Amino acid sequence: MATPTSDISSARWPVGPAPSTPRGALLVGCGAGFSGDRTDAARPVVDALMAAREPAVLIFETLAERTLALAQLARERDPAAGFEPLLADLLRPVLADCLAHGIRIVSNFGAANPAGAAACIAALAAELGLRVPRMALVQGDDLMGEEHRAALQQACGDEWPTARVVSANAYIGAQPIALALEQGAEIVIAGRVADPALVLGPAAAWHGWAWDDWDLLARGTMAGHLLECGSQVSGGYFADPGYKDVPDLAHVGFPIARIEADGRCTIGKPAGTGGVINSQTVKEQLLYEVHDPAAYLTPDVVADISQAMVTEVGPDLVRLDGVRGHARPSHLKVNVCSERGWLAEAEISYAGAHALARAQLARQVIGTRLAGQGLLRCDFIGVTSVLGDDHGRWLDHLPAESSAMRDVRVRWAWEQPTARAAEVLLREVNALYTCGPGGGGGVRTQLRSRLSTVSCLIARDSVECGWRWWRAAGEGA
Amino acid sequence: MNISASMQVPLYRLAHGRTGDKGNRSNISVIAYHPALWPVIAQQVTAERVAAHFAARAPSHVARHVLPQLQAMNFVLDEVLEGGVNSALNLDTHGKALAFDLLQMQVLLPADLLIHCKGPQELPKFR
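These protein sequence lines map, in sequence, to chains A and B. The end of the first sequence is residue 477 by the UniProt record's numbering, with every number in the run present. The end of the second sequence is residue 127 by the UniProt record's numbering, with every number in the run present.
Take the hints with a grain of salt, since some may be wrong.
[Stated by the list, open to error] Stretches of chain A that chain B covers, calculated by requiring three or more beta carbons in the stretch to come under 8 angstroms of a beta carbon on chain B: (1) 241–253; (2) 288–296; (3) 308–316; (4) 379–390; (5) 406–417; (6) 445–452.
[Unchecked claim] Simulated DEER-style distance windows between Cβ atoms: (7) B/A55 with A/S330: 32 to 40 angstroms; (8) B/Q44 with A/R468: 25 to 33 angstroms; (9) B/A63 with A/L387: 20 to 28 angstroms; (10) B/Q44 with A/M50: 29 to 37 angstroms; (11) A/E464 with B/P110: 55 to 63 angstroms; (12) B/P68 with A/A250: 34 to 42 angstroms; (13) A/A419 with B/Q43: 25 to 33 angstroms; (14) A/S403 with B/A36: 39 to 47 angstroms; (15) A/V443 with B/A55: 32 to 40 angstroms; (16) A/G372 with B/Q104: 30 to 38 angstroms; (17) B/A63 with A/A419: 36 to 44 angstroms.
No wet-lab data here; the hints were simulated from the structure. Note that the structure is predicted; figures quoted are calculated from it, not measured. Every residue gets a Cβ at the ideal spot worked out from N, C-alpha and C, and that includes glycine.
Could you build the full structure based on these sequences and the hints that come with them?
Here's what the structure looks like:
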């Protein structure tokens with residue numbers, strides 16, 4: 001593909017605010033639903049957006065609750081890092097076509113370093129022989145500065161961490177994204193914006209929605225909620241063979257929403273991809289991580305899906321309507337992450353005759369050796385890997401012997417304040433090789449530092465949100 | 001309801017669901033496969049029964065939100081994730097498995113609704 005010109009990219013979506021007359025629909029495709037999602041997912045989405053020849057946006061959602069703290073730690077180690085580690089892999093397959101066809105890109109892949117992400121994209125563009133895209137950086141979510149500390153401590157109260165704070169970020173809304181798009185940003189790079197804002201921003205900008213039209217903002221928000229987890233709405237994380245069958249799950253297609261001027265949205269996916277979109281997949285995702293359906297809190301609006309309707313309108317095509325909205329909250333949610341001790345995990349397998357009895361004895365030995373040194377969790381993988389409980393009540397009620405449980409992997413998890421203390425579990429489980437019950441094998445151990453998160457609310461007007469153009473170092477502000 | 005014409009079936013034949021997590025709070029959706037199954041689910045899958053189902057994890061509170069137009073309900077279980085994604089010692093720190101665990105709950109189904117259920121149509125066998 002030849003080097004694109006800005007004429008082509010502005011044809012579908014001219015620079016400037018939306019006109020007063022209603023525009024046609026905006027297409028929003030999703031290329032990733034979390035940090036670590038498939039890097040080949042966006043290509044079929046971009047193919048579909050190109051073929052549609054309509055105004056279009058591609059989003060990547062790559063921030064979970066903990067991702068930002070990990071990104072801050074990465075940036076401490078390397079000032080050029082701290083953005084989505086897979087950024088270049090996610091964009092390499094689609095950047096040229098997005099620029100050539102005016103498909104705007106909006107993402108939170110900036111994480112703890114949006115400017116670093118922009119520099120990475122500029123380098124990728126150079127590698128691909130493309131011009132440098134017009135990139136906007138969303139700012140205001142990072143509250144690590146000293147000037148915010150007192151307000152955060154007050155908001156967190158007794159929950160304020162005693163250990164070192166690693167990150168503090170407000171969930172900010174869609175307005176900076178929308179403003180940057182209106183001004184012609186081809187790529188909008190954010191950190192901690194509310195996930196659905198990645199979709200609400202483009203929808204509000206394209207359709208010219210007012211920031212107090214709560215019904216419209218809620219509809220754009222719930223369209224974003226359906227898209228933000230990638231294929232979770234299009235057949236990913238859904239299949240239950242014989243009950244909920246999904247065709248070609250190995251090539252599940254990522255979703256594309258068509259968002260109308262009145263906020264109604266229809267969810268589809270690229271032709272030729274696997275997966276399925278039906279009322280079941282959409283309902284599961286609609287309620288995912290929702291608490292009170294009448295009050296889904298976001299920085300931009302309180303969305304209300306208590307009267308929402310889901311309708312299958314074609315093959316792999318589902319419409320969402322009936323979403324209402326209420327005035328946005330006065331406060332923003334802030335996540336404060338801090339350092340927190342060390343997690344030690346260790347496993348050993350007992351198989352064959354009397355496997356369960358030997359596993360129980362190993363559990364007893366380690367429990368005796370580490371008694372009184374904090375909560376020690378034990379699971380019998382092969383019997384129960386995740387449905388047990390921290391206090392071992394589940395394991396206490398297993399039969400003493402069972403021929404059905406002939407291959408048991410015992411797993412312990414233990415948290416200690418220091419790595420040195422946590423290592424004791426690793427040594428004790430390793431010592432089961434010679435000092436434990438007969439026939440134990442396959443010891444694996446690992447030690448990891450942990451993070452702790454507390455959430456609090458701070459007044460909206462104490463957070464200054466905005467955006468700025470990215471310029472390469474040496475270009476000046 | 002005519003008990004003699006009813007049968008015990010697992011909830012997974014009537015409904016599907018997904019777990020979400022925020023901090024130490026879990027939400028579990030329960031969504032009817034067919035509108036005809038919705039009244040059975042709404043009547044029997046109560047907050048009390050869900051709390052009892054997860055008694056080993058001792059949720060401090062269980063709320064049920066009902067969405068009849070979607071034939072769906074949403075359970076919100078407080079302090080059920082053993083600390084949540086940052087601090088749980090459980091391998092499944094998110095509690096992703098909880099929805100499928102809940103779907104093993106038994107419900108009493110009028111036999112004439114069996115045709116709307118998922119799964120094999122012969123009479124299920126139970127312990």
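Each hint, compared with the structure:
Coverage of the segment 241–253 of chain A by chain B holds in this model, with 3 residues showing a Cβ closer than 8 angstroms to a Cβ of that chain against a need of three. Three residues within the 8 angstroms Cβ limit are the bar, and the segment 288–296 of chain A against chain B gives 7, so the coverage statement holds. Counting residues of the segment 308–316 of chain A whose CB lies closer than 8 angstroms to any CB of chain B gives 3, so the stated coverage by that chain holds, three being the minimum. Proximity of the segment 379–390 of chain A to chain B, defined as three or more residues with a beta carbon under 8 angstroms from a beta carbon of that chain, is established by the 7 residues found.
Given as covered by chain B, the segment 406–417 of chain A passes the check, having 4 residues with a CB less than 8 angstroms from a CB of that chain where 3 are the minimum. Check on the segment 445–452 of chain A: 3 of its residues sit with their Cβ under 8 angstroms from a Cβ of chain B, so the three-residue criterion for coverage holds. Distance hint check: the CB atoms of B/A55 and A/S330 are about 38 angstroms apart, consistent with the given range 32 to 40 angstroms. Look at B/Q44 against A/R468: about 56 angstroms separates their beta carbons, and that is not inside 25 to 33 angstroms.
For B/A63 and A/L387, the Cβ-Cβ distance of about 22 angstroms falls inside the hinted range of 20 to 28 angstroms, so the restraint holds. A beta carbon spacing of about 50 angstroms between B/Q44 and A/M50 contradicts the range 29 to 37 angstroms that was offered as a hint. Between A/E464 and B/P110 the C-beta distance comes to about 60 angstroms, which sits within the given range of 55 to 63 angstroms. A beta carbon spacing of about 36 angstroms between B/P68 and A/A250 agrees with the range 34 to 42 angstroms that was offered as a hint.
For the pair A/A419 and B/Q43, the supplied restraint of 25 to 33 angstroms is violated, since their beta-carbon distance comes to about 53 angstroms. Checked against the given bound of 39 to 47 angstroms, the beta carbons of A/S403 and B/A36, roughly 42 angstroms apart, stay inside it. The hinted window of 32 to 40 angstroms between A/V443 and B/A55 holds, with their beta carbons roughly 34 angstroms apart. At about 36 angstroms, the beta-carbon gap between A/G372 and B/Q104 stays in the expected band of 30 to 38 angstroms.
The hint said 36 to 44 angstroms for the Cβ distance between B/A63 and A/A419, and at roughly 40 angstroms that hint holds.
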